[in-house]
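Reconstruct the complex from the two isolated chains, following the hints.
Protein chains in written order, with the numbering used here: chain A, 219 to 475; chain B, 5 to 265.
Treat the hints with care, since some could be wrong.
DSS-like mimics (lysine-lysine), calculated; alpha carbons at most 30 Å apart, straight line [as the list claims (entries may be wrong)]: (1) B:107 / B:9; (2) A:233 / B:26; (3) A:471 / A:233; (4) B:26 / B:170; (5) B:26 / A:388; (6) A:239 / B:26; (7) B:10 / B:170; (8) B:26 / B:10; (9) B:107 / B:170; (10) B:26 / B:9; (11) A:471 / B:26; (12) A:233 / A:222; (13) B:170 / A:233; (14) A:239 / B:170; (15) A:388 / A:239; (16) A:471 / A:314; (17) A:471 / A:222; (18) B:107 / B:10.
Hints in this document: simulated from the structure, not taken from any laboratory.
As the structure is a prediction and not an experimental result, all values here were calculated from the model.
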Amino acid sequence: MAIKPVLHIVQRDFKYFFRYKWWVAGMISMNLADLFIMAIVYTRMVNPDIITDYFVFFAPGLTITALFAAAFMIGREINMEVRREISHYMLSLPIKRWELAIGRVLAGGLRGIIYMAPLLVTTLIITYIYTSVFPHPLQFLTIVLALFLISIGTSGLSIALAVSTTSFEKYITARGVVYYVLFFCSTVFYPMNLIQTALPQLVLLAQYNPLSCGADLSRAFLLGNPPFSPFMLVDIALFALIFASLATFAYMKVTQK
Amino acid sequence: MISLKKVWTVAERDIRMFLRYKFLLIMRAIWFVSQIALFGLVVNRMFRPDVQSAVGGNYFNYYAAGIIITMLYSTTVFIGYDIYEEADHGVIEYLLSVPVSRKELVLGRSIGGGLRSFLYVGPMMLFVLYLIGVSNVLQLFAALLSLFLFTFGVAGFSITLAVSIKSSDRFDILMGVIDALIVRLSTTLYPIAYMPSPYQGIASINPLTFAADLFRWGAGLESAALVPPMLAVLSIVVFFSMFTFFGIFLHERKLEGGGWQ
Numbered sequence: 219m220a221i222k223p224v225l226h227i228v229q230r231d232f233k234y235f236f237r238y239k240w241w242v243a244g245m246i247s248m249n250l251a252d253l254f255i256m257a258i259v260y261t262r263m264v265n266p267d268i269i270t271d272y273f274v275f276f277a278p279g280l281t282i283t284a285l286f287a288a289a290f291m292i293g294r295e296i297n298m299e300v301r302r303e304i305s306h307y308m309l310s311l312p313i314k315r316w317e318l319a320i321g322r323v324l325a326g327g328l329r330g331i332i333y334m335a336p337l338l339v340t341t342l343i344i345t346y347i348y349t350s351v352f353p354h355p356l357q358f359l360t361i362v363l364a365l366f367l368i369s370i371g372t373s374g375l376s377i378a379l380a381v382s383t384t385s386f387e388k389y390i391t392a393r394g395v396v397y398y399v400l401f402f403c404s405t406v407f408y409p410m411n412l413i414q415t416a417l418p419q420l421v422l423l424a425q426y427n428p429l430s431c432g433a434d435l436s437r438a439f440l441l442g443n444p445p446f447s448p449f450m451l452v453d454i455a456l457f458a459l460i461f462a463s464l465a466t467f468a469y470m471k472v473t474q475k
Numbered sequence: 005m006i007s008l009k010k011v012w013t014v015a016e017r018d019i020r021m022f023l024r025y026k027f028l029l030i031m032r033a034i035w036f037v038s039q040i041a042l043f044g045l046v047v048n049r050m051f052r053p054d055v056q057s058a059v060g061g062n063y064f065n066y067y068a069a070g071i072i073i074t075m076l077y078s079t080t081v082f083i084g085y086d087i088y089e090e091a092d093h094g095v096i097e098y099l100l101s102v103p104v105s106r107k108e109l110v111l112g113r114s115i116g117g118g119l120r121s122f123l124y125v126g127p128m129m130l131f132v133l134y135l136i137g138v139s140n141v142l143q144l145f146a147a148l149l150s151l152f153l154f155t156f157g158v159a160g161f162s163i164t165l166a167v168s169i170k171s172s173d174r175f176d177i178l179m180g181v182i183d184a185l186i187v188r189l190s191t192t193l194y195p196i197a198y199m200p201s202p203y204q205g206i207a208s209i210n211p212l213t214f215a216a217d218l219f220r221w222g223a224g225l226e227s228a229a230l231v232p233p234m235l236a237v238l239s240i241v242v243f244f245s246m247f248t249f250f251g252i253f254l255h256e257r258k259l260e261g262g263g264w265q
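With the rest of the complex left out, here is chain B (with noise of 0.2 Å):
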């Protein structure tokens, strides 16, 4: 029986492990400061009225969204790289010898994952809405909710990722090629219907897809969300519970004799 008092307190701990990461929370800010207020601003001006039309009438929104998306993503697999370091600094020994069964422990690491993630994103995530102006609360709850959702998937993914390979040289190089190209091909920065057919057919079963426009339809720019949100749900539920339980499943396997040395 899973007691949800100690996944709590796995995932209370990720969230504060977190902190620790001043340079990544400190660069990720900036880096939001300057896609937004440089980047989105000057880009917003060099598309053709059919583009603006397209992304709901105006880039500059259609931009932030995705941009939000980017971070929430790229925050959330840092969780893999705590799974790491705390196999080379021998913190997991010491975790499988406090009273949480193993499930309890996973499941709150990837629900941390996830959390601490949605916290940090959070006030940009408001301030990106204040920008675009919220027409429908209700759209919006829903949206925020998958939301959650796919930042479980994406800690279980990492997790999933961290368990899977041994060498942290190789993990490292791996998360550098996944985050180049996940971002790049899906929605966040661009509508599909731009994109080259190779590229459409990875952008429409990228699950940044799915959140991107989930959010951009949660936010009330119904027409730049291509996918419709029930499909984008229900991708992220899949998406969710396959790495979610995968990863839970990876990890407790891993845990077990040492798996992770």
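With the rest of the complex left out, here is chain A (with noise of 0.2 Å):
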């Protein structure tokens, strides 16, 4: 496989990205504002029992649902050029088409990973000064390393929707779907006894939900609780593998047809 195609793929993708002004600009103001306006009313409210601070326990969910919502934007565009044919187009390049599948994956991934850093800084930062707790490079790098996986596994999760269906309407009815059960089924919100309560139906997707390991996994080394599982990572892997795969072989088979 030659790489520098595969880069020329993701770098236009990259570029695409920032197109999009109004929607980056609208989700970093949503973020800001569920973190420093919401989480910090919850946190005068929230039973200290459940949760000690609120704003605290948010600050490392709220990197993982930036990370997936740029992520999943890639799906989006996908969709359009499916139904617009704009794929004829791509397949006139000199570029193979699992190159092309892969290269797109990856550019899905890298936004997510760009959009969420700063966030993820800000959560270095509120941690640290309510915790005094500074993850060490190795617990670091394995909150860098899990984020990149949950954002190429939502990529891929979002092409694979996008590729699914050529109707606008019924893909983005999917993607509602998929988008808000993940979502509001994690820990992003709120720790897994309160779903476990409210909603005990939903348990199982819960705990195999990758926001809510990838949440759970930064939590673990950011604010020691809930304690570290090797099970985390092994989930989120499996998350972007089946993902990855599945979005790279649906994407060429759409652009061979």
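Structure (structure tokens):
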């Protein structure tokens, strides 16, 4: 496999990301408002027996939501390209199909990581101020690796959804359901024991949800609770592997039609 | 002299146009269901007993009522995007050529923008009212009437911004930022008493606070509605008057001589 063509595709998709200025601005303001307004107010309302400090608890979760939303964006573009047959132009480029497919999955993942990076720094600062704990290099690398894998998996998931239908309405519906179910059936906003009491039917989904594993893995190293478990990394790695492969094959198949 | 028939024709067109935004309607509906059935149910168990008492006994009901106001706001502001798109596609020239006066056109757009969001959110509102359980129909009727004015005011607000800002990118960014702040700095999601004082100041003059508290009062969650209903109604009337008439005035002026181009 030639790396250069893949990098060209990654570079192209990455540049395209900054065309959506309004989306990025809206997302940044929403993320910051969630952290510095909603989380601060919730901190004054939450039962301390359940969460000691909601603001600190939520900060690592916020990086995951930002990463997920940014990495998910690539699916919308690919669905539009499939509907408008722009993919025909992509096929005319001197790039192999699978290089094209891999490049797109990687680009989606990279978007998530780049968008999330300033929020991760904010989270590190917040958790350091509140807990005086800073992860040591290996822990920090584990967090970054886990976030990168979630980003790749999310990009793959959104591409697999995007190429599964040419109907925009069906795609938007599927995207909405997947997006919100993964968001709210996770430990991004609340701990697992609350999900267990409020929605026991969805505990399994919440446990295996890569967003839960990512949020809990970051909390394990930044806040010390919940404890780190290798299962978290395995779950995230499997999610990334399955959806990156699925997206690559689905994208290749769609462009062959 | 304004012809109500012509105003209604313009409003009706905007209501029909709303159905074009299938993606928006689907996404908002899914968002509503997930907010109520997932986030609302879990978060309800997260708060202290004194918070539950302060919000009328059950945070879930408080939250569900707030989500309705958020939906009303976010679907109404879409009229501003319509105006931008029409300017882009040359539809405004066509609209100016129809036998409808400028005032009728702009008034119709403001009413249509508010009414279509009310029609869309209506079934969800009924569902939330069913969950909460209405205790006083007259109170509810008064609240709904004020919420009508609220949506017209929001439509006027969106039109005012759309015609004041020429770049669609800037408009998009501004709307995104306002959307993020206006909802969180209001009592749609939490009571004012738990906000830090700088946030309280903004929330106490935020039209979404008045709308949310009024809806809760109408639905029978009187103890959760901290703004007195008369004050909330009055504030919504002021908001409606200010933005509807300002929006009409500004839009009408921009329409003359191609100021939208």
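Agreement of residue 10 (chain B) and residue 170 (chain B) with the hint, judged by alpha carbon distance not exceeding 30 Å: holds (28 Å)
Residue 170 (chain B) and residue 233 (chain A): Cα distance at most 30 Å? holds (25 Å)
Holds or violated: residue 26 (chain B) to residue 9 (chain B), with C-alpha atoms at most 30 Å apart: holds (28 Å)
For the pair supplied as a hint, residue 239 (chain A) and residue 26 (chain B), confirm whether the alpha-carbon distance does not exceed 30 Å. holds (23 Å)
CA of residue 239 (chain A) to CA of residue 170 (chain B), is that 30 Å or under? holds (16 Å)
Given the hint that residue 233 (chain A) pairs with residue 26 (chain B), test it: the Cα-Cα distance must not exceed 30 Å. Satisfied, since the Cα-Cα distance of roughly 29 Å is no more than 30 Å.
For the pair supplied as a hint, residue 471 (chain A) and residue 233 (chain A), confirm whether the alpha-carbon distance does not exceed 30 Å. Holds, at about 25 Å.
Just to be careful, I want the Cα atoms of residue 107 (chain B) and residue 170 (chain B) compared with a cutoff of 30 Å; is the pair within it? holds (21 Å)
Taking 30 Å as the top limit, are the C-alpha atoms of residue 26 (chain B) and residue 388 (chain A) close enough? holds (10 Å)
Are residue 26 (chain B) and residue 170 (chain B) close enough, with their CA atoms no more than 30 Å apart? holds (26 Å)
Taking only the CA atoms, is the gap from residue 471 (chain A) to residue 314 (chain A) under or equal to 30 Å? holds (13 Å)
Taking only the CA atoms, is the gap from residue 107 (chain B) to residue 9 (chain B) under or equal to 30 Å? holds (13 Å)
Against the hints set out earlier in the document, no violation occurs for any number.
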